[in-house]
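J.: Chains as they are written, first to last, in our numbering: chain A, 1 to 111; chain B, 1 to 118.
No lab work stands behind these hints: they were computed from the structure. All C-beta atoms in this analysis are idealised placements derived from N, C-alpha and C, irrespective of residue type, glycine included. Some hints could be false.
Under 10 Å between C-beta atoms, here's a sample of chain A residues computed to sit facing chain B [claimed, not checked]:
1) Q38
2) S49
3) R66
4) T103
5) V109
The calculated DSSO-like cross-link candidates involving lysine-lysine, where the alpha carbons are at most 27 Å apart (straight line), are [as the list claims (entries may be wrong)]:
6) A:K45 with B:K78
7) A:K2 with B:K62
8) B:K71 with A:K98
9) A:K45 with A:K2
10) A:K42 with A:K98
11) B:K71 with B:K15
If you want the building blocks of each chain, they are given just below.
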Amino acid sequence: RKEVEQDPGPFNVPEGATVAFNCTYSNSASQSFFWYRQDCRKEPKLLMSVYSSGNEDGRFTAQLNRASQYISLLIRDSKLSDSATYLCVVNTRRGFQKLVFGTGTRLLVSP
Amino acid sequence: EAGVVQSPRYKIIEKKQPVAFWCNPISGHNTLYWYLQNLGQGPELLIRYENEEAVDDSQLPKDRFSAERLKGVDSTLKIQPAELGDSAVYLCASSLGSSSGSLGNEQFFGPGTRLTVL
Numbered sequence: 001r002k003e004v005e006q007d008p009g010p011f012n013v014p015e016g017a018t019v020a021f022n023c024t025y026s027n028s029a030s031q032s033f034f035w036y037r038q039d040c041r042k043e044p045k046l047l048m049s050v051y052s053s054g055n056e057d058g059r060f061t062a063q064l065n066r067a068s069q070y071i072s073l074l075i076r077d078s079k080l081s082d083s084a085t086y087l088c089v090v091n092t093r094r095g096f097q098k099l100v101f102g103t104g105t106r107l108l109v110s111p
Numbered sequence: 001e002a003g004v005v006q007s008p009r010y011k012i013i014e015k016k017q018p019v020a021f022w023c024n025p026i027s028g029h030n031t032l033y034w035y036l037q038n039l040g041q042g043p044e045l046l047i048r049y050e051n052e053e054a055v056d057d058s059q060l061p062k063d064r065f066s067a068e069r070l071k072g073v074d075s076t077l078k079i080q081p082a083e084l085g086d087s088a089v090y091l092c093a094s095s096l097g098s099s100s101g102s103l104g105n106e107q108f109f110g111p112g113t114r115l116t117v118l
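Using the sequences provided together with the hints, build the complete structure.
T.: Below you can see the structure in the form of structure tokens.
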């Protein structure tokens, strides 16, 4: 079983739609959680951290359920520019970064 | 501010040949990472440096891969000899470091080197 599992998609949605991605992780001792965005043939970039209380950044909302070892990302009012791969990332060590990446979920937003 | 710099951006070699990748992290970043990313997969950590010390190389295939970070700044990753299965994107990332607390956590990635082994 992979440490971080995601549905690879692709998710095809029209502009303005709301879309949600889910991710599960296997290491219950994982310390911190992130969503990274990766455009085609580009490097991954941090989109947002994920906190236990849930957090929002504009149209993006991230949530964490430690009991179920489950992370989600919600994108409201999708834009064409949101088309990318969204990587679920888990830090499995305390004190420093040992990032484990999921395979990514591909999102395609169409006009 | 300049980001993480990697070179070359693309490399095509024949199997059994050696290849080397170079990374210059963001100035002041103590921690440097090398990742491998296969098509359709997320990045996988190969090695992590804290300054010049390799503190996590458990995922590095040491029979053919080697890395160094002399003087704790630039780093090189080498494969000798390359195999067909080594074709992938090799990403370098850097962060301030664990001593910087939560501020040191964010990893910044370079554009990667796309390796094709024929």
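J.: Against this structure, judge whether each hint is valid.
T.: Here is how each hint holds up against the structure:
no.	hint	result
1	Q38	9 Å, holds
2	S49	8 Å, holds
3	R66	18 Å, violated
4	T103	5 Å, holds
5	V109	20 Å, violated
6	A:K45 with B:K78	25 Å, holds
7	A:K2 with B:K62	23 Å, holds
8	B:K71 with A:K98	23 Å, holds
9	A:K45 with A:K2	22 Å, holds
10	A:K42 with A:K98	22 Å, holds
11	B:K71 with B:K15	31 Å, violated
Violation of the numbered hints given earlier is confined to hints 3, 5 and 11; the remaining hints are satisfied by the structure.
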